[in-house]
Structures are given as structure tokens and as C-alpha cells.
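Listed below, chain by chain, are the residues.
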Amino acid sequence: MDISGLLSYGVSFAIMGGIYAIFALGLNVQWGYTGLFNIGIAGFFAVGAYTSALLTTPMPEGVYAAYVEQLVGLDLPFPVGLVGAAIASGVLALIVGIPTLRLREDYLAIATIGIAETIRLIFNNERWLANGPRGLMGLPQPLRSWVEPSQYHYLYLVLVGLVLAALYWASERGIRSPWGRVLRAIREDEVAAAMQGKNVFAFKLQALVFGGAIMGIGGALYAHYVRAISPDVFTPLFGTFLIWVMLMLGGSGNNKGALVGAFVVWGIWTGSTFVTDQALPPFWAARAPYLRFLLIGILLEAIILLRPQGLLGEERQVSTLLDE
Amino acid sequence: MPLLDVDDVSAGYGEMGVLHHVSLQVREREAVTLLGPNGAGKSTLLKTIFGLLTPSTGRIMFQGREIAGLKPPQLVRRGLSYVPQVENVFPSLTVQENLEMGAFTRQDGVAERLEEVFDLFPALRRKAKQRVGGLSGGERQMVAMGRALMLDPALLLLDEPSAGLAPRLVGLVFETIAAINRAGVALLMVEQNAREALRISQRGYVLASGQVRLEGPGERLLQDEELGRLYLGGRR
Amino acid sequence: MIELLVYGLVLGSIIALGAIGLTLLYGILRFAHFAHGDLMTLGAYVALFLHSDLLPTLGIPEAKLGALSFGWRLLASLVLAMGVTAVVALALDRLLYARLRERRASPVILAMASLGVAFMLRSLIYIVWGPQFLFYSQELRPAWELPLEVRLRPDQVFILAVVLLLALLLYLFLQRTTLGKAMRATADNPQLAWVCGIDIARVTRWTWLLGAALTAAAGVLYGIDAQLRPDMGWSFLLPLFAAVILGGIGSPVGALLGGMILGIVQQVSTEYLAPTYKPAVAFLLLILLLLLRPRGLFGG
Chain A
1 MDISGLLSYG
11 VSFAIMGGIY
21 AIFALGLNVQ
31 WGYTGLFNIG
41 IAGFFAVGAY
51 TSALLTTPMP
61 EGVYAAYVEQ
71 LVGLDLPFPV
81 GLVGAAIASG
91 VLALIVGIPT
101 LRLREDYLAI
111 ATIGIAETIR
121 LIFNNERWLA
131 NGPRGLMGLP
141 QPLRSWVEPS
151 QYHYLYLVLV
161 GLVLAALYWA
171 SERGIRSPWG
181 RVLRAIREDE
191 VAAAMQGKNV
201 FAFKLQALVF
211 GGAIMGIGGA
221 LYAHYVRAIS
231 PDVFTPLFGT
241 FLIWVMLMLG
251 GSGNNKGALV
261 GAFVVWGIWT
271 GSTFVTDQAL
281 PPFWAARAPY
291 LRFLLIGILL
301 EAIILLRPQG
311 LLGEERQVST
321 LLDE
Chain B
1 MPLLDVDDVS
11 AGYGEMGVLH
21 HVSLQVRERE
31 AVTLLGPNGA
41 GKSTLLKTIF
51 GLLTPSTGRI
61 MFQGREIAGL
71 KPPQLVRRGL
81 SYVPQVENVF
91 PSLTVQENLE
101 MGAFTRQDGV
111 AERLEEVFDL
121 FPALRRKAKQ
131 RVGGLSGGER
141 QMVAMGRALM
151 LDPALLLLDE
161 PSAGLAPRLV
171 GLVFETIAAI
181 NRAGVALLMV
191 EQNAREALRI
201 SQRGYVLASG
211 QVRLEGPGER
221 LLQDEELGRL
231 YLGGRR
Chain C
1 MIELLVYGLV
11 LGSIIALGAI
21 GLTLLYGILR
31 FAHFAHGDLM
41 TLGAYVALFL
51 HSDLLPTLGI
61 PEAKLGALSF
71 GWRLLASLVL
81 AMGVTAVVAL
91 ALDRLLYARL
101 RERRASPVIL
111 AMASLGVAFM
121 LRSLIYIVWG
131 PQFLFYSQEL
141 RPAWELPLEV
151 RLRPDQVFIL
161 AVVLLLALLL
171 YLFLQRTTLG
181 KAMRATADNP
191 QLAWVCGIDI
201 ARVTRWTWLL
211 GAALTAAAGV
221 LYGIDAQLRP
231 DMGWSFLLPL
241 FAAVILGGIG
251 SPVGALLGGM
261 ILGIVQQVST
271 EYLAPTYKPA
281 VAFLLLILLL
291 LLRPRGLFGG
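Protein sequences, first through last, are from chains A, B and C. For what it's worth, my numbering labels the leading residue of the first sequence as 1, then goes sequentially. For what it's worth, my numbering labels the leading residue of the second sequence as 1, then goes sequentially. For what it's worth, my numbering labels the leading residue of the third sequence as 1, then goes sequentially.
Source of the hints: derived by calculation from the structure; they are not laboratory data. Warning: the hint list may mix true and false statements.
Said to hold, decoys possible - Computed footprint of chain A on chain C; a stretch qualifies when at least three of its residues, placed anywhere within it, have a C-beta under 8 Å from a C-beta of chain A:
1) 92-103
2) 107-121
3) 126-138
4) 237-250
5) 268-281
6) 286-298
Ideal Cβ placement from N, Cα and C applies to all residues, glycine included.
Looking at chain A on its own, in the form it has when it is part of the complex (with noise of 0.2 Å):
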């Protein structure tokens, strides 16, 4: 391979480790410093990518508007695409957390399923909304005439970039206030923070809120650098397990692990491709996508059993008391 197919591969490399960077960081929000179980990401992946498509997009017309049906095509520039994503994720979490926060902890995990589930099978069943099983394509390039096209990805590396920096700097921020630290106490002992007189429930509910918005801004990033997107790239595994090797890998309850981790998995998930698709004979090729994800399988465990904490582990808090 020659330096200029390395140099893409790797621009293409960081703008998704980047991307799924965003997701860790979400979760890390959500799981990392408030313990909540979300196994849904891939919902709010997929809320964020469709409603930034179909605020961008415009409705189709013409030869088109036979093959593609859309609910809206509102044709707004990418930064409303943006916030929208953020917004609707945001309002996600809310509908999710408002019936289960204030039970038990895997009583939320079996909803976070079932959420990602049923949004996955009405952007499948529902032609109507974002164009079924086709998904929606051409979707638009942020910035685009900025740049020549051969330079296109550079920018939007700088752009995933300066999002996941902005991303990163509100978390730790975030974490380090009088908010985050309830979100702590929460996690460590919840019942304490209650009898401390602190409306966990909230609380809860807005970390659940903010770390969806998170995975919502990543997935408008990520439908604006594939350009398409279809129910099927919303799997649980692609777009929940995926997202929680990398957190555990690199130590829940700290946003750097969840940037190390993020770049990590992703080297191993997509590094495993040159193995398996390179040295492996026709019949086991076929299977390999699935080897690979045998493969993250046992890496999990192996976090699990050998080092739960991630490489990173858990931040050193400054204390654990309450600041009030």
C-alpha cells in the first residue's frame, strides 16, 4: 500500500475511532459516573443519525421521489442537523428514563433493549418516515465546498475533531461540578445521596439526558460520513456492544479511558478485518464478520474477569462528600 492509501486509511480510522469516541463518552456520562445500565445505545445512535438525514436532506423530487419517502426534507444547513440530533436523543432518554429510572437497575437495561429494538423495526416497517430497509442516501457534506474533494476527509476529521474536543471538555466539566459530583455519589451509593436530600431521580434522568445527547451529536456525525444509512447498520451489536467493549476496555468512569478505549476496540475491530480477510480461506471469510465479533465477545469477558477496571481505570475522585 502506498502512502497516500495509508494516509487515507488512517484519516478514515481516526474519523471513526473519533465518532465512536463520541458514543464512549456518552455512555461514560450515562454508565461511567451515574451507573446507569443503557444497552440501548443504538437507539439513540439511530435517533441521532435519522433526524439530522431528514433535517438536511431535502424531500426528493422528481426521478427520485419515486424511490426514496421521507417524512420531512427540510433541507437545513448541518448544524441544525446537529442540534437536532442532539434534541432528539435528548428527548429519547427522557421517554425512557421517566418510566424506569426510579426502579431497579436492570429493569432500565431490558428497556434500553427494547427501546433500540423498536425504534430499529419502525425505521424498518415505516417507509413512510426514512425510507424503510433502503435507508436514506446522499446525504449531505457538512462544509463541503470548503475543500477539494480529494481533501474532503481531512476536514472532516478536523471537524469530528473539534466536536469530540468540545464533547470531551463539557463532560469533564460537567464531572467536575457540584452536579457531577451527585452523579458520583449517586452511583456509589445511591441511597445515601437520597437520604443527603438529593432528588436522584433527576438527577439521573439528566445525566440519562445529557449522555444521549452525546450519542445523538455522534450519530449525525457518523450519517454525514458514511452518507447513508439504513435500520440494518443500527444493530446491537454494531451500535451497543460495540460501544461498551471500548468503555470497559479503556476504564468506565473516566472520559480519557473512554477515548483510549474507543481508538483501541476500533484498531482491534477493524485490524481484525485485514486477518480475517486476508488469511482465511473462502469459507471461513464469509463467516468473518462474525468471527470478529466472537472475537470482542471474548475480549469483554476477559476485561470482565481479568481487569474490570479497563486499562485507564476509574478516575481518583477528589473526594467523595458531597459539596454543599
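Since the structure of chain A is provided, determine the placement of chains B and C on it from the hints.
What follows is chains B and C alone, placed relative to chain A:
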């Protein structure tokens, strides 16, 4: 040789510890009461004897053999039995099934033993097939004690048997405990109800802040007014 | 509509069988077992292997049983698959969950580990058998014409009968045997069970064996009724949990009834919604349940 010999035992949760160098004996067929204010470590001592906690120092000898570090399934086979203060029955099982669970480690003779325990608690015989969850507090306490007797223990550890019971039931419970003792079972009983408990005991210990402050025959402890105010929590 | 109710009962009985196993694990081991659906898939595919590959190689023929689409060979495969799945579940417990329990890992970590197992099992099945739909038998047996314009396949009557039989056997086990009572006692109060001298390790083992065996049976029955596909169990996960919560966690009777109700509701929903929405219907029911009565019908 005493049946139970607790020798210089320290134990408890975390660094501070709850029990500090406690020594205590129970002789065969003897009824001993353990008194003291709240937080004195009385329940902790029972739990340590029964293997729910591990002592950090000292020895616990039962029937002449070291038992510190052994776990409940082993202790139950050796003739030691324990009735916790709360959550001491299986609510969704019937009375009879609760008792049968007490005899889990036993293969044969369970039916006969069941009859014997019903003899001790005739009210339970009538309700043998009822779910324990639907019984009154006093009846549940009987089930809890009956369950602990199913293996014919040499020593029964009781944690506040009269706690939470209506006053008119308290007398009944202590009568039953006295009957159990007369049948030959040694008792180590933690109680807040000092008067009633000491009345049916041969000896008592007073525990405070994790240490034994006083021991002696039941009557003597009963009559000491000073003691009453300082250590018996001012109850009755 | 009557026909939908009847089909709902058949589907519901399959859900119920899986739910009974799940509720045992939930109640006795306090474990939200997210790999339960994929154990169902494993059971179905192991039976397929036995029925279509191993047993024929050993020279065992398939003679149809009456009006059913299969014969003794599939029945034998069903029973053997139950056993194999039970052993696999036990091995998973030894290798993974038991170690986490020793470390006093939080219930969430255990649930997450089971989620990993779920994905691993599913990946394995994709790898070995591939993504296409598979069947135990290509035979089509005519449906029986029953009154009220209900057409019921003999296979479906078999399914109902098997579920009721297994449920009855489990009931007798839990009510009449010492070990069964010990399992119920452990579900009530694990600490007290230990204090009584109950062998918690043995209770744990048998909970896994029974829970996994019942789930495997549910998988085979579903394969008989519909088809085998690698994500069949995962798509049952929501209905299984909904049935368990509906019936009250830890109550096998509740799981049985919960499963039936869920099956009927899902089937009746196809009158108004596309059939692919069935898991979503289960989810909706679950949310309503959590909002209105989280302890379920027979909750304790």
C-alpha cells in the same frame, strides 16, 4: 468443659471492629442471656459464633473443637443452630416446608422430628400447610425457632426473639424458650427484654462497646438496680 | 380472532417455557440473565445438529409419529439438546459467573457478562450454521380443522402438550422434592437458606440445569413451529423478560401465565400491526407494566 467456649474473640466490620477481646462460656443445657445497650456488639457476637463473620483474634470452641472459620452448613451438622433477628423465615413456603428446610442436611428421621417440634409448638401443627408469609409475628417467630430445632441442636443461638412482638405474646415466647431449655437444649440468647430473659436463664453477660462488662447468675443481675440503669438500657 | 387467540396460546406457551427458566435464574440467583434468549437458540441448533447430522450418521431413522411432521429422532434430539444446553450453561457458570460472584461483582457486571455471552453464542451459531433459515423437517402436515373456524397444526398441539407437561414436572419438582423446596427457600432468602445448612452450590447448579434445559426445549419447539435462525433467541429476549416481570420475578406459575398472556397479546396485535412488530408489542406491554404495576401479577 463448657459446651461453648468463646475465648478472647475480636471481630467486626471494617477497621474499627465491633468486638474486643470477648470471652464467654455456655455450659451444657444452660440458658445464658446476653444483654447490653444498642450497638454493644451482641448480634455481632452471635454472628461470629455462627460463622457469618470471621474473628480476627481468639478462639471459639464448641464441644471441645475449634469452630472459628467454619461456615453455617458445617456448624449446623455439629449441633449448633441460629435464629436471626429479622427475616428469619421463608415467607413463600408453608410452615411445614420451613421446618423441613431446617432439616435439610438430614436424610432420615425428619418426619419423626417434625412431630416432636409440632409437640413443642402445637399452634403450628394446625397451620402446617399455611404460607408463613400470612402468619402473625408471634407465629412466625415460632416457625423460626422450630426450624432451628429440627436438627436437635445442642446449642441454640437466638437473636432478640421477642423483638417487635405484642406484649401479650412476649410471655408466650419466653415460656416456649424455657420449655426448649428444659428439653435439654442450651441457649445463648440476645435480648433487650432483660427481666423476662434473665428470669428463665441461669446466667447472664452484659456487653457494652464490644466488651464484657459483667457476668453472673441471673437473679443477681436482675436485682442490681445500678446495673439496670447503666447497662440494661433502662427498659422496665 | 379466535384463531389468533389459539395461535397466541401456542406462541405464548413457547415464551412461557423460556420465561419459567429465566424466572428461576432471576429469583434464585438474583441474576438478570441476558443470554437466556441465545441459550434458546443454542438448544434449537444443537437439536438440529443431532437430528439432521449426528443421529442419521448413527443410522437412526426418522419415522413420523402420527400426524406430526417429525418422529422419534427429533424427540430424542429435543431431550438430548436439553441436556447439552444444560451442561453448557453450567460450564458457563463455572467459568465466568461463579468467579464474578466470588468477587462480589455487582449485579450489573454479571448482567453485562451475560450480555457478552449472548453475543458470543450468537456469533458461534452464525459461524457454524450461517445466517439462512433452517428447518427440522421439510414435511408439511395438514392442519386440523377445528370448530369456530380454527385451523391448528398437529405440531402446535404437540407444543402445547410438551409445555404443559414440562411445566407440570417442574411444579412437582419444586413442590414435592427437598431440593425443589430448597430452591424455593433460596429464592426467598438466600442468607437464611445458608444458615439452615442448605447447600447453595447444589441449588445453584440445579437452577442452571433446569433453567437452561427448559429454555432449550422452548427453542426446539419454536424451531418446529416456525424456523431456525441465529437471532431467534435474541428476538425472544424482550418477550421473555416481559413475561417474567408480568408474572412476578421468581414465580414459575407467574412466568407460565405471563408467557401465555404475552403470546396472546402479541398474536392479536398482528390484526392491527405488521407481524414484525411483535417484539415491540412486548416492549410496550413491558413499559405499561413498569409504569402501572412493576411487581407484576403475582409479585412478591
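Are there at least three residues in the region 107-121 of chain C whose beta carbon sits under 8 Å from a beta carbon of chain A? holds (count 11)
Cβ contact check, 8 Å cutoff: the region 268-281 of chain C against chain A, three residues minimum: holds (count 5)
Under a C-beta cut-off of less than 8 Å, do 3 or more residues of the region 237-250 of chain C approach chain A closely enough to confirm the stated coverage? holds (count 4)
Residues of the region 286-298 of chain C with Cβ under 8 Å from chain A, three needed, outcome: holds (count 5)
8 Å C-beta criterion, at least three residues: is the region 126-138 of chain C covered by chain A: Since 3 is at least three, the answer is holds.
Count the residues of the region 92-103 of chain C with a beta-carbon closer than 8 Å to any beta-carbon of chain A: does the count reach three? holds (count 3)
Checked against the numbered hints given earlier, this structure breaks none of them.
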